[in-house]
Every structure is written in C-alpha cells, then in structure tokens.
Amino acid sequence: MSGKKIKRVPAKKIAHKIINECDIILNVLDARNPEGTRNKNLEDKIKKSNKKLIYVLNKADLVPIKILEKWKELIKNENHDASVVFVSSKHKKGTKILRDKIKKYLQLDGIKDGKVGVVGYPNVGKSSLINALTGKKSAYSGLAAGLTKGEQWIKLTKNIKLLDTPGVIEPKDDDELVIIGAIRYEKIENPVEPAIKILKNLYAFDENIIKNYYNIEINNIEDINEDFIEKIGKKLNYLGKNGIVDIKRTAKSILKDYQDGKLNYYPMKIKKYGQKRGNNIEFIAKYLEDFPFIDDANSIISHLSNICELANIRIKKPIIGSKKIDDVVVIISFGEKTADSGRKKVEEYAKNNNIFLYSMGRGKCGRNNIFVGVGNIE
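In the working numbering, the protein residues as written are 283 to 660.
No lab work stands behind these hints: they were computed from the structure. Here a beta-carbon is modelled for each residue, glycine too, at the ideal position from N, C-alpha and C. One should not assume that every hint holds.
As the list claims (entries may be wrong) - Taking lysine to any residue and the SDA-like style, the derived pairs with C-alpha atoms no more than 20 angstroms apart in a straight line are: (1) 517 <-> 326; (2) 513 <-> 640; (3) 517 <-> 417; (4) 516 <-> 629; (5) 482 <-> 508; (6) 479 <-> 525; (7) 354 <-> 397; (8) 385 <-> 417; (9) 386 <-> 362; (10) 633 <-> 644; (11) 397 <-> 538; (12) 513 <-> 352; (13) 633 <-> 502; (14) 626 <-> 497; (15) 605 <-> 561; (16) 479 <-> 459; (17) 352 <-> 317; (18) 358 <-> 397; (19) 538 <-> 605; (20) 397 <-> 373; (21) 354 <-> 573; (22) 482 <-> 302; (23) 516 <-> 478.
Unchecked claim - DEER-style ranges, computed between Cβ atoms: (24) 559 <-> 528: 25 to 31 angstroms; (25) 472 <-> 323: 21 to 27 angstroms; (26) 598 <-> 382: 21 to 27 angstroms.
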C-alpha cells in the first residue's frame with residue numbers, strides 16, 4: 283500500500299476544471315428539491331462555454347414520477363438544449379439511460395475521445411453517481427466541505443473518460459445552506475429570508491401548495507413577504523405579548539416543516555408512531571355548561587382544577603377534543619405527559635379544524651396535565 287498522502291484540492295477549482303476541460307457536464311440535483319439545489323450562475327457558465335449540460339435528478343426513487351416529469355418540463359422550458367435524466371445512484375437505476383445519453387451526445391458532436399465531469403451542491407449524491415456509473419468506488423464521499431482529493435481520469439467506456447472527483451458548488455449564503463438542509467433551522471439566526479425563498483420556490487412550482495398546506499389564499503408570488511409570514515403566524519396562533527405574531531418562531535416552523543419533508547413540492551404521508559389519543563371530552567366539558575367565563579382559558583383551568591372528580595381520574599391515554607359552548611369553541615388536551623405537549627396538540631387541533639385561538643392556558647387536574655384553548659371557527 284502506498285504511503286502517499288491524498289492531495290487536497292479546493293473543490294471550487296475542480297468545478298472550474300470540469301467546465302473548462304469536459305465535453306459533457308453532469309449537473310447533479312436532489313430530485314426531492316431540484317430548484318433548491320440548482321446554481322443558475324454555474325449553469326450560465328456552462329451554457330456560455332458551449333458544453334453539453336445534462337441535469338441528473340438523483341435520489342429519484344424517493345419522488346413520484348408525476349413530480350419528476352413536472353420538474354423535467356420546468357427545467358427544459360428554461361434550457362431547451364439541456365437533457366434531464368432521473369437516476370437513483372443508491373439502487374443503480376437510470377444509469378444505463380444516462381450512459382446512453384452521454385454516448386449519443388458525443389457521437390452527435392463528432393467527439394471520439396470524450397471527457398465527462400460531475401458538479402453539484404453538497405449532499406446531492408455526486409460521488410455516489412460517479413461510483414454507480416463506473417461500477418466501483420472511484421469517488422470519495424463525505425470529505426470536508428470545500429476540499430476534495432486530487433483528481434484522476436478513469437474510463438467510463440473505451441473512449442470516454444470520467445473525472446473521478448466531483449466539483450462541489452459552494453452555496454452563496456446561509457439561506458441556500460438552510461434550503462439544501464446543510465444548516466438545520468434551529469441554528470439560523472435570521473430565519474425569515476430563507477423561509478420567504480422556500481415559499482416562493484414552492485409557489486413557483488405549484489400555486490396550490492401553500493394554500494393547501496396553510497389554508498391561506500395567495501394570488502401572486504410577490505405577495506410572499508414578511509407580511510405573509512405574519513399571516514401564517516396568525517393562522518398557527520404563534521402569538522407573543524399583546525397578541526403580536528412571533529415572526530421568528532413562525533419562520534422557523536416553515537423551515538422545520540420544509541426540512542422535515544412535511545411542507546414539500548408534493549404531498550407526503552409521514553407515518554406517525556406516536557401514542558394514540560382519545561377524542562371524547564364530554565366528561566370534562568359537562569362542568570363548563572353554566573360556567574360564566576367561558577372565553578378565558580385560564581379561568582377555565584382554574585375552575586376545572588378544583589373539581590375533585592377530574593383530579594381523581596386515571597386515564598389510559600391522553601385526550602384531545604373540542605366543544606362548542608355558546609359562541610366559542612373550547613379545545614381541551616387532557617393527560618399529556620407535559621404541558622408543552624398539550625399546547626402543541628391544541629395548536630395542531632386548531633390548525634386542522636380552522637379554529638382561531640385567542641386565549642390559551644395550562645394547569646393540572648390532580649396529576650393530569652390539562653391545556654385549554656378558546657377560539658372561534660374561521
């Protein structure tokens with residue numbers, strides 16, 4: 283075994299080498315988020331260099347074919363000369379189609395000995411694609427950001443060489459790092475700007491995504507701004523002191539849902555393994571029928587906490603439900619492990635049932651945590 287040290291080369295330098303020296307450039311995008319993993323400046327450089335550009339939507343096994351086809355159409359509308367290929371490097375699917383495309387374009391351009399390079403953002407599967415195309419582990423994955431090993435040319439076919447080191451595209455700013463998932467939402471200091479960019483990307487892909495997810499009408503992409511984030515915050519009942527919407531918390535919730543795959547370019551059914559809950563709150567609501575301060579959550583908590591029957595109840599599973607009393611809707615979470623969990627369940631229930639909460643409170647009935655939200659149906 284050679285004692286030679288692996289030479290580390292700035293990844294940006296490799297990206298420029300690929301554009302300058304290769305005949306065909308494979309621009310690898312994450313099929314789950316193609317728009318968020320594109321770099322239009324690099325694409326323009328490739329076009330100006332008159333090199334053949336092939337967009338490779340990697341991890342395509344994770345996305346419905348209808349969505350992939352829509353992305354293909356959108357990309358080709360922007361760049362008529364480009365090709366789009368769906369690939370799963372992990373399962374080695376689509377690699378034959380990609381190889382055939384490469385051969386075809388080299389033949390059409392009369393290039394006998396062709397060179398192929400791979401570029402893309404971090405975490406899109408560039409090295410995995412190279413390994414899938416060559417059938418062996420040629421490319422190194424998971425190296426330190428911004429650095430890569432010294433490059434080598436390896437044979438893809440008898441007359442086609444592939445640079446075994448991908449060119450890493452460096453995101454321009456923290457917003458892009460958040461969008462591609464390289465920075466978690468918890469660590470971003472200013473979550474509002476990336477949240478706005480994400481919502482605009484989603485709206486540009488399908489105008490109904492945001493409307494269906496948040497149940498808020500929107501008619502123009504230009505309406506997606508800080509005021510729109512405030513509307514979402516109001517809908518989610520993320521209110522601070524004096525009823526003012528907590529913009530930062532709202533923006534972080536958008537980033538969280540996006541990074542977790544809930545707010546996406548296509549609907550996802552995320553399997554939940556949490557504890558099942560009951561929904562019958564009549565045994566609690568009956569004590570509120572003649573209660574005079576029904577529009578104040580803390581008064582309700584104080585009243586219920588003094589009822590001995592509720593204090594002595596032992597329940598097998600938590601309960602979440604609502605009751606319309608007079609002109610208000612009272613949502614009650616009873617028996618959650620923590621009061622904060624009760625708050626989340628009440629807010630989620632309100633969101634799913636279009637209830638605007640204007641009063642919330644927490645407390646205990648004996649050993650049982652109780653959280654109450656009071657609001658109106660919107």
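Hints, one by one, checked against the model:
1. In summary, the hint linking residue 517 to residue 326 is not supported, as the alpha carbons are separated by about 40 angstroms, beyond the 20 angstroms threshold.
2. With a C-alpha separation of about 15 angstroms, the suggested pair residue 513 and residue 640 falls inside the 20 angstroms cut-off, and the hint holds.
3. Between residue 517 and residue 417 the CA atoms are separated by roughly 51 angstroms; this puts the pair beyond 20 angstroms, and the hint is violated.
4. With a CA separation close to 11 angstroms, the supplied pair residue 516 and residue 629 stays within the 20 angstroms bound.
5. For the hint pairing residue 482 with residue 508, the CA-to-CA distance comes to about 12 angstroms; that is within 20 angstroms, so the pair holds.
6. Taken as a hint, the residue 479 and residue 525 pair is broken in the structure, with Cα atoms around 26 angstroms apart against an allowance of 20 angstroms.
7. Straight-line distance between C-alpha atoms of residue 354 and residue 397 comes to about 25 angstroms, which puts the hinted pair past the 20 angstroms bound.
8. Proposed proximity of residue 385 and residue 417 is supported: the alpha carbons are some 17 angstroms apart, at most 20 angstroms.
9. Annotation: proposed proximity of residue 386 to residue 362 holds, straight-line Cα distance about 17 angstroms (limit 20 angstroms).
10. With a C-alpha separation of about 19 angstroms, the suggested pairing of residue 633 with residue 644 holds against the 20 angstroms cut-off.
11. A C-alpha spacing of about 41 angstroms is found between residue 397 and residue 538, which places the hinted pair above 20 angstroms, so the restraint is violated.
12. For the given pair, residue 513 sits about 29 angstroms from residue 352 by alpha-carbon distance, which is inconsistent with the 20 angstroms threshold.
13. The suggested pairing of residue 633 with residue 502 is violated, with an alpha-carbon distance near 23 angstroms, which exceeds 20 angstroms.
14. A distance of roughly 19 angstroms separates the Cα atoms of residue 626 and residue 497; the hinted pair therefore holds under the 20 angstroms criterion.
15. Distance check on the hinted pair: residue 605 and residue 561 sit about 11 angstroms apart at the alpha-carbon level, within 20 angstroms; holds.
16. Between the alpha carbons of residue 479 and residue 459 the distance comes to roughly 12 angstroms, so the proposed pair stays at or under 20 angstroms and holds.
17. For the given pair, residue 352 sits about 12 angstroms from residue 317 by alpha-carbon distance, which is consistent with the 20 angstroms threshold.
18. With a CA separation close to 23 angstroms, the supplied pair residue 358 and residue 397 exceeds the 20 angstroms bound.
19. With a CA separation close to 31 angstroms, the supplied pair residue 538 and residue 605 exceeds the 20 angstroms bound.
20. For the given pair, residue 397 sits about 25 angstroms from residue 373 by alpha-carbon distance, which is inconsistent with the 20 angstroms threshold.
21. Restraint check: the Cα-Cα separation between residue 354 and residue 573 comes to about 60 angstroms, which exceeds 20 angstroms; the hinted pair is violated.
22. For a cut-off of 20 angstroms, the pair hint linking residue 482 to residue 302 is broken: about 33 angstroms separates their Cα positions.
23. The hinted pair formed by residue 516 and residue 478 meets the criterion: a straight-line CA distance of about 16 angstroms does not exceed 20 angstroms.
24. Between residue 559 and residue 528 the beta carbon distance is about 26 angstroms. The supplied range of 25 to 31 angstroms therefore holds.
25. At roughly 23 angstroms, the beta carbons of residue 472 and residue 323 sit within the given window of 21 to 27 angstroms.
26. Take residue 598 and residue 382: their Cβ atoms lie about 60 angstroms apart, and the range 21 to 27 angstroms is violated.
The structure fails to meet hints 1, 3, 6, 7, 11, 12, 13, 18, 19, 20, 21, 22, 26 from the earlier list, while all remaining hints are met.
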